[in-house]
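Chemist: Sequence:
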Amino acid sequence: MLAAQRQSAILDRVRRTGSVRVAELAAELAVSEMTIRRDLDVLDERGLLSKVHGGATTAGPGATHEPGFAAKSVRQRAEKAAIAARAASLVRPGTAVALSAGTTTAALAGLLRRVPDLTVVTNSIPVADALRPDGSVDPAEPGDVLIDTTAQVVLTGGVRTRSDALVGPVAVTAIGGLHCDVLFLGVHGMSERAGFTTPNLMEAETNRALVAAAGRLVVLADHTKWDTVGISTMAALRDADVLITDSGLPDAARDTLAAEVGELIIVGTT
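Quick note on numbering: UniProt numbering labels position 159 of the sequence shown as 159, and the sequence is numbered without any gaps.
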């Protein structure tokens with residue numbers, strides 16, 4: 001098991017149980033206790049958990065806590081991949097697509113390299129990097145032909161956040177004159193009370209501009225985002241034409257979201 005996979009498993013265990021012990025993790029993951037302690041050091045430094053004597057507990061972030069892109073990229077990888085794959089199926093050739101910042105939207109960007117004649121508007125540096133042309137895209141299945149496709153990427157300017165988003169007045173001004181067919185919006189949290197939220201005030205303003213510029217809003221949010229509330233609301237639940245999430249979402253949350261969003265899509269993971 002790679003370190004990133006092991007650390008993701010540790011985080012999942014902490015979120016399920018609230019705390020973990022080094023000895024239990026070492027036995028469960030078949031590695032030494034020293035390896036687990038190093039993993040906990042890495043995760044503690046990223047603010048993803050709190051290391052304590054003999055183990056670790058949940059970090060308990062507040063409404064303004066904003067993990068970096070690298071920290072978020074190790075969370076719920078399977079769920080994000082499944083959500084991104086379903087989102088990609090909604091994109092048609094020749095359309096103008098907006099992608100907000102986020103690890104799930106970055107996963108989606110890599111899949112969009114297979115769709116010809118796209119214009120992609122984004123305020124995310126990782127999204128733009130994922131769409132960087134290299135001449136061709138490998139076939140998805142045996143027998144598929146190579147696809148020679150390059151999306152036209154419009155990367156807004158702005159101030160860079162910890163999550164590698166470009167935000168602020170420059171970004172808002174750049175987005176304000178654009179019109180996109182659809183926006184795929186990544187979120188920090190979603191709740192019945194607060195809607196779709198972010199811990200960054202400037203990012204909220206920029207994402208609201210993206211919402212206004214798009215004809216259709218598709219929100220990408222794995223189940224851990226439910227009942228997480230950032231300091232600023234980007235959109236109400238009812239503003240989402242489509243919400244794509246995963247099968248880990250609790251039944252009560254499914255009922256709430258199904259009553260609010262235009263279409264709720266639940267994807268499974270492998």
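Calculated directly from the structure, the hints in this document are not laboratory data. Where is the CB? At the ideal position from N, CA and C, for every residue including glycine. Certain hints may be false.
Stated by the list, open to error - Pair ranges (Cβ atoms, derived):
1) R15 <-> R193: 19 to 27 Å
2) P133 <-> R193: 40 to 48 Å
3) P250 <-> P93: 30 to 38 Å
4) P169 <-> R16: 25 to 33 Å
5) R238 <-> E24: 37 to 45 Å
6) D117 <-> D241: 21 to 29 Å
7) E28 <-> V170: 46 to 54 Å
8) R77 <-> E24: 30 to 38 Å
9) R216 <-> A27: 44 to 52 Å
10) Q152 <-> R193: 24 to 32 Å
11) T119 <-> T173: 17 to 25 Å
12) D117 <-> A23: 50 to 58 Å
13) E263 <-> S50: 37 to 45 Å
14) R160 <-> E33: 35 to 43 Å
Chemist: Does each hint fit the structure? Answer for all of them.
Modeler: Results of checking the hints against the structure:
A hinted range of 19 to 27 Å for the beta carbons of R15 and R193 is consistent with their spacing of about 21 Å. Distance hint for P133 and R193: a CB-CB separation of about 43 Å, consistent with the stated range 40 to 48 Å. Distance hint check: the CB atoms of P250 and P93 are about 37 Å apart, consistent with the given range 30 to 38 Å. Checked against the hint of 25 to 33 Å, the C-beta distance between P169 and R16 comes to roughly 42 Å, which is inconsistent with it.
Restraint check, R238 to E24: a C-beta distance of roughly 43 Å satisfies the suggested window 37 to 45 Å. Range check, D117 to D241: about 23 Å between beta-carbon atoms, so the 21 to 29 Å window is met. For the pair E28 and V170, the beta carbons lie near 48 Å from each other, so the given range of 46 to 54 Å is met. Hint check: R77 to E24, Cβ distance near 22 Å, so the stated range 30 to 38 Å is violated.
Roughly 49 Å separates the CB atoms of R216 and A27, a value that falls within the hinted 44 to 52 Å. Judged by the Cβ atoms, the range 24 to 32 Å given for Q152 and R193 is violated: they are separated by roughly 39 Å. For T119 and T173, the hinted distance range of 17 to 25 Å is satisfied, since their beta carbons lie about 19 Å from each other. Between D117 and A23 the beta carbon distance is about 56 Å. The supplied range of 50 to 58 Å therefore holds.
Separation of E263 from S50 is about 38 Å and conforms to the stated range, judged on CB atoms against 37 to 45 Å. Under the hint 35 to 43 Å, the C-beta atoms of R160 and E33, about 38 Å apart, fit the expected range.
Comparing the model with each numbered hint stated earlier shows that hints 4, 8 and 10 do not hold.
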